[in-house]
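Participant: Based on the hints, put chain V in the right spot on chain E.
Number of protein chains: 2
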Amino acid sequence: MAKESFPLSEVYGLLEPGPVVLVTTADKGRNNIMTLSWQTMLEFEPPLVGCVVSDRNHSFAALKQTKECVINIPTAELAAQVVGCGNSSGRKLDKFHAFGLTPAPAARVKPPLIAECYASLECKLVDTRLVTKYCFFVLEVVQAWVDPAQKSPRTLHHRGRGAFMLAGDTIKLPSKMK
Amino acid sequence: MAKESFPLSEVYGLLEPGPVVLVTTADKGRNNIMTLSWQTMLEFEPPLVGCVVSDRNHSFAALKQTKECVINIPTAELAAQVVGCGNSSGRKLDKFHAFGLTPAPAARVKPPLIAECYASLECKLVDTRLVTKYCFFVLEVVQAWVDPAQKSPRTLHHRGRGAFMLAGDTIKLPSKMK
Chain E
83 MAKESFPLSE VYGLLEPGPV VLVTTADKGR NNIMTLSWQT MLEFEPPLVG CVVSDRNHSF
143 AALKQTKECV INIPTAELAA QVVGCGNSSG RKLDKFHAFG LTPAPAARVK PPLIAECYAS
203 LECKLVDTRL VTKYCFFVLE VVQAWVDPAQ KSPRTLHHRG RGAFMLAGDT IKLPSKMK
Chain V
83 MAKESFPLSE VYGLLEPGPV VLVTTADKGR NNIMTLSWQT MLEFEPPLVG CVVSDRNHSF
143 AALKQTKECV INIPTAELAA QVVGCGNSSG RKLDKFHAFG LTPAPAARVK PPLIAECYAS
203 LECKLVDTRL VTKYCFFVLE VVQAWVDPAQ KSPRTLHHRG RGAFMLAGDT IKLPSKMK
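Which chain is which? The protein sequence lines are E and V, in order. Counting in our numbering, the first sequence runs from 83 upward without gaps. Counting in our numbering, the second sequence runs from 83 upward without gaps.
Next comes chain E alone, as it looks inside the complex (with noise of 0.2 Å):
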């Protein structure tokens, strides 16, 4: 995927639409990948992402300790890979050698972006008030970027238990609403 920078004002309408992403971390050089669902965007601009980290997870220490991430959007063609990455642990596994994922550089945080995916999102932590009861993080995103040749990316909307909806076609009706 050939990305672009891409405006942090029009974030918002990659993530309302509910796709699963995958999260990119990094802890003492080591990367991580994890397959994530539950996240909402809390503030337009700058834009702020609130997700959910299981503590379950091997990207919870990475993410509370680094505060950093990168929220990568993937499509239907990486369906076996983000049920492959939440399938296992980055305790034991490289996911981006075992998952033929390629990492690239991002340019204001240390985790990496999924070359492979249309979207880009890095985060930086800002609020960690409702991470002890719910692993709620309250994310910045300072850097966005976005395969532009991707007018209507074929996005995965996990239903549970491996069921995933593929993004459909889009409507467009008249609204006042951002």
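Just so you know, the hints here were simulated from the structure itself, not pulled from any lab data. One thing to keep in mind: the hints can contain errors.
No copy is singled out in the list; a pair is fine if it fits within one copy or between any two copies.
[Unchecked claim] Simulated pairs of lysine to aspartate or glutamate, EDC-like, Cα-Cα distance not exceeding 16 Å: (1) LYS254 / GLU159; (2) LYS85 / ASP229; (3) LYS146 / ASP109; (4) LYS215 / GLU86; (5) LYS215 / GLU127; (6) LYS192 / ASP209; (7) LYS254 / ASP229; (8) LYS206 / ASP251; (9) LYS192 / ASP229; (10) LYS260 / ASP209; (11) LYS110 / ASP176; (12) LYS233 / ASP209; (13) LYS146 / GLU159; (14) LYS254 / ASP209; (15) LYS146 / GLU222; (16) LYS110 / GLU127; (17) LYS149 / GLU127; (18) LYS110 / GLU92; (19) LYS233 / GLU92; (20) LYS206 / ASP176; (21) LYS215 / GLU198; (22) LYS254 / GLU222; (23) LYS215 / GLU125.
Facilitator: Only chain V this time, still in chain E's reference frame:
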């Protein structure tokens, strides 16, 4: 829609795909509806949902004061009503009447279900720690209703400015993920 009681343990599968929802509140006997896309699961069971209800919305005060709401999930047939509710304010308008939607009594809370939506989640507000900073409310789903005939509901997923991705086909991959 002929909705039936739905197991609370399965609620996450309704919200994980990221559909636009219609949130109903009731304040001093006046029902209101707001369109929302900024929500995420926070816990499987009891199901906890986090959502952003802006303090610019008429529903903000009702939710904060009554501590109850219903999250209703519409399908594509209701696209015009979803946009209508998002583009108007309950300050001036009875949205049920204006958009031809039917309030139906809930079992555990005062705000009504929307009869035309295929799923409705009765919620109680359980944590307000992030309300001041992010307008982020933590809700517990106490009763869920789903139309069992809707196996692959054609939900709406907001991409911004009135563009909605329509839920497409569902694929199933072998997975250990819940």
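Participant: Could you place LYS260 and ASP209 in one of the four classes (within, between, both, neither) given a Cα distance threshold of 16 Å?
Facilitator: Neither. Shortest intra-copy (25 Å) and inter-copy (27 Å) distances fail the 16 Å Cα cut-off.
Participant: Pop the pair LYS206 and ASP251 into one bin, within, between, both or neither, using alpha-carbon distances up to 16 Å.
Facilitator: Intra 33 Å, inter 34 Å, cutoff 16 Å: neither.
Participant: Is it within, between, both, or neither for LYS110 and GLU92, if the alpha carbons may be no more than 16 Å apart?
Facilitator: neither (32 Å within a copy, 38 Å between copies)
Participant: For LYS254 vs ASP229, is the C-alpha pair at or below 16 Å within one copy, between two copies, both, or neither?
Facilitator: Cα proximity of LYS254 and ASP229: none, with 22 Å in one copy and 27 Å across.
Participant: Since the copies are identical, ignore which copy is meant and state whether LYS254 and ASP209 lie within 16 Å (CA to CA) inside a copy, between copies, both or neither.
Facilitator: neither (35 Å within a copy, 35 Å between copies)
Participant: Are the CA atoms of LYS233 and ASP209 at most 16 Å apart within a copy, between copies, both, or neither?
Facilitator: neither (32 Å within a copy, 38 Å between copies)
Participant: Between the shortest in-copy and the shortest cross-copy C-alpha distance, which are at most 16 Å for LYS192 and ASP209: within, between, both, or neither?
Facilitator: Neither way: LYS192 and ASP209 sit 19 Å apart in one copy and 33 Å across, limit 16 Å.
Participant: Is it within, between, both or neither when you check LYS85 against ASP229 at 16 Å Cα-Cα?
Facilitator: within (4 Å within a copy, 41 Å between copies)
Participant: Classify it for me, LYS110 with ASP176: is the Cα-Cα distance of at most 16 Å met within a copy, between copies, both or neither?
Facilitator: Within one copy only: 14 Å inside, 56 Å across.
Participant: Can you give me the call for LYS254 and GLU159, within, between, both or neither, at a CA distance of at most 16 Å?
Facilitator: Intra 26 Å, inter 14 Å, cutoff 16 Å: inter-copy only.
Participant: From the Cα coordinates, with 16 Å as the cut-off, is the pair LYS215 and GLU86 best called within, between, both, or neither?
Facilitator: Answer is neither: 37 Å inside a copy and 32 Å across each miss the 16 Å cutoff.
Participant: Reference check for the pair LYS146 and GLU222, CA-CA at most 16 Å: within, between, both, or neither?
Facilitator: This pair counts as within: shortest intra-copy Cα distance 14 Å, inter-copy 26 Å.
Going down the numbered hints, you'll see the structure goes against 4, 6, 7, 8, 9, 10, 12, 13, 14, 16, 17, 18, 20, 21, 22, while the others check out.
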